[in-house]
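Engineer: Order-wise, the sequence lines are chains W and P.
If you read the first sequence in the numbering used here, its first letter stands for residue 954, the second for the next number, and so on.
If you read the second sequence in the numbering used here, its first letter stands for residue 14, the second for the next number, and so on.
Treat the hints with care, since some could be wrong.
Partner residues aside, some chain P positions facing chain W, computed with beta carbon under 8 Å [as the list claims (entries may be wrong)]: (1) 29; (2) 127; (3) 131; (4) 134; (5) 139; (6) 143; (7) 209; (8) 210; (9) 212.
Computed footprint of chain W on chain P; a stretch qualifies when at least three of its residues, placed anywhere within it, have a C-beta under 8 Å from a C-beta of chain W [unchecked claim]: (10) 177 to 185; (11) 330 to 340.
Simulated from the structure, these hints should not be mistaken for laboratory data.
Virtual Cβ for every residue (Gly too), placed ideally from N, Cα, C.
So the chains spell out like this:
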Amino acid sequence: MSEVVLESQDLTKRYDDFVAVDNLNLTIRRGEVFGLLGPNGSGKTTTILMVLGLTEPTAGSVQVLGFDPARQPLSVKARVGYLPEQIGFYDGLTARENLIYIAKLNGLRRDDAYKRIDAALAQMGLSEVADRRVATFSRGMRQRLGVGDVLLKQPQFIIMDEPTLGLDPEAAREFLEIIRRLKTEGITMLLSSHLLYQVQAVCDRVGLFHQGRMVLEGTVKELAQQVLGRAYRIRLEAEGSAALEEAFRRLAGVVNVKRPEANTYELEATGDLRAEAARTVVEVGGRLLSLSIEAPSLDEIYARYFQQEVEHGIAA
Amino acid sequence: MVSQLKQTSSEQPREGSPWTGLWAVVAKEMADYLTSVRMLILELLTVLTAAGTVYAATQNLRETASQGQFLFLKLFTTAQEPLPAFVGFLGFLVPLIAIALAFDAVNGEFNQRTMSRVLAQPIYRDALLLGKFLAGLFTLALVFTTIWLLIIGLGIVGLGVPPGGEEVARSLWFLLMTIFYGGIWLALAMVFSITLRQPAAAALASIATWLFFTVFWGIIASLLAQVLRPIQFGFLEEVLARAQLEMALARLSPNTLYAEAMVAMLNPAVRSLGLVLPIQLYGAVLGAPLPLSQSLLLIWPHLTGLVAATILLFALGYVLFQRQEIRA
Chain W
954 MSEVVLESQD LTKRYDDFVA VDNLNLTIRR GEVFGLLGPN GSGKTTTILM VLGLTEPTAG
1014 SVQVLGFDPA RQPLSVKARV GYLPEQIGFY DGLTARENLI YIAKLNGLRR DDAYKRIDAA
1074 LAQMGLSEVA DRRVATFSRG MRQRLGVGDV LLKQPQFIIM DEPTLGLDPE AAREFLEIIR
1134 RLKTEGITML LSSHLLYQVQ AVCDRVGLFH QGRMVLEGTV KELAQQVLGR AYRIRLEAEG
1194 SAALEEAFRR LAGVVNVKRP EANTYELEAT GDLRAEAART VVEVGGRLLS LSIEAPSLDE
1254 IYARYFQQEV EHGIAA
Chain P
14 MVSQLKQTSS EQPREGSPWT GLWAVVAKEM ADYLTSVRML ILELLTVLTA AGTVYAATQN
74 LRETASQGQF LFLKLFTTAQ EPLPAFVGFL GFLVPLIAIA LAFDAVNGEF NQRTMSRVLA
134 QPIYRDALLL GKFLAGLFTL ALVFTTIWLL IIGLGIVGLG VPPGGEEVAR SLWFLLMTIF
194 YGGIWLALAM VFSITLRQPA AAALASIATW LFFTVFWGII ASLLAQVLRP IQFGFLEEVL
254 ARAQLEMALA RLSPNTLYAE AMVAMLNPAV RSLGLVLPIQ LYGAVLGAPL PLSQSLLLIW
314 PHLTGLVAAT ILLFALGYVL FQRQEIRA
């Protein structure tokens, strides 16, 4: 087992009567990208603030890189980069000046700081605008500057709160690219978001938050099986025998078969049954025209989960 | 950290010094203050006031220079119609500058969404707040010292005599008092910038507090004294008790403290700031100046009061800030 970067035991935060985070048990290992999902107000940001030692847990504990954020916040904050939601900079200062301040707060030596700032700005593609005031920056540039700012302390673990919120599609795509690049450098990451498609694109594992509790956890695939029960959707086009639909239904692992058009079939299955489906078509004597598989999307899982919540009236 | 009120003694203390990063904050905030348009306007205003009043005072003093003791101190206090004396202007310029420096110190960080980013760096909140306060205080000190030098310089040119040692010493004490008087308003504006999320509201609240003490507190003190110490029989004791209560109440206002201390420091002939009965004046040589040490003794309670109020207000802001949610 690889090294544990973050581990929480029964982490709880209460504000008067309101429980923001309820007995959270979370483990993140080195090199992993973990996505924290959930609607607004489900306790994602509170969890992040406790991990950074910016808010005290009411009960339970959390260890980050082996440190307790409540008692050793400086050690934690020196090693963990945090990109807050809607990141802000001092608008009157240039990009470089903003980073110099952060470098000083981290106690970096001057020459070392300047080297790291130049490197971070270059890495984020901001070298040309380094001496422009941040007030003139677009949302996407600010977000990239935020990552540059986080990289200054050469973190082992980066926490990003809603990193792609408010970015246009192109900027969001670029940003996800940055996350992937950081991942290849071996940096562990915790992303919080409610933009599921983007989380799905970069996260190894996700946790679904609901009313302060982590109700689901695992890879997107595992979650799909848990919630949807049929993780794979196979679409095929075939001509021929009327017995085809029946034959598909008899296949082991097929949960449901739909026939939206005359020659189009949609199989919902618990596994990747493309080969079996193709064989079936041939056996029955049909002609297979096309075959494709759709991976389940987090959107679907998410929507279905909350739909079930409503249907069963589960009071979490 | 002070915020850990829940902290039990069995828990280990927090690591590191609460002042890590303090000087980085001070340097950044001072750079901000000194380059801001806001400060530029206030500095211009103050310099113009100083130049105008001191010039008027030198004109006045030249004509009456024969009574020449403590000429330089009179530069600060001599009024020439229609201009009031420089110290008269200071009474409201100092609070104005101090409030202008601090009213958006904390809520500005929240509104710019920089607070969580800064606090995610390896520093404690203590360093951020004290850093901002010290930067404000240093800026005030810098501005007032500049003006002090300017006045002394103008005085040397205008009067044609160098200042004496005691004059310099007295005016330096006056400078120190002025800085701490500014410190009170700085700390007050900071408290409002912590409690109120809108910078405009914080500025308004600070100015309202200042107006309250400038305009209304004197009236309220006098009314309170009338109610609490009624004069029923017209005895001297009753009159005295009322006057003393009124004075004590009035001194709760930093404006009164500063004004009284300023008068005693800049006018060596002032022998008492309280009530003086004729019998206490027996044998006194009226109009003879007090030595510096005696004047200092006279205003020592005022000076302590000014410093204590600054520290108390800062402590209040500190506690409030420590308990604040950082979620922005």
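Engineer: Hint by hint, note whether the structure agrees.
Structural biologist: So, going through the hints one by one against the coordinates:
Look at residue 29/P: its Cβ gets to within about 4 Å of chain W, closer than 8 Å, so that hint holds up. With a cut of 8 Å, the hint placing residue 127/P at the interface with chain W holds, because the nearest CB-to-CB distance is about 5 Å. The interface hint given for residue 131/P holds, since its Cβ lies 7 Å from the closest Cβ of chain W, which is under the 8 Å cut-off. Proximity of residue 134/P to chain W holds as hinted, the smallest CB-CB distance being about 4 Å (cut-off 8 Å).
Nearest Cβ of chain W to the Cβ of residue 139/P: about 12 Å, over the 8 Å cut. The hint is violated. Taken as an interface hint, residue 143/P does not check out: its beta carbon lies about 14 Å from the nearest beta carbon of chain W, beyond 8 Å. Checking residue 209/P against chain W: minimum C-beta separation of about 19 Å lies over 8 Å; hint violated. Hint on residue 210/P is violated. Least Cβ distance to chain W is approximately 15 Å, over the 8 Å limit.
Checking residue 212/P against chain W by beta carbon gives a least distance of about 14 Å; that is not within 8 Å, so the hint is violated. Residue count for the stretch 177 to 185 of chain P with a Cβ under 8 Å from a Cβ of chain W: 0. That is fewer than the three needed, and the coverage hint is violated. Counting residues of the stretch 330 to 340 of chain P whose beta-carbon sits less than 8 Å from any beta-carbon of chain W gives 3, enough to reach three: the coverage restraint holds.
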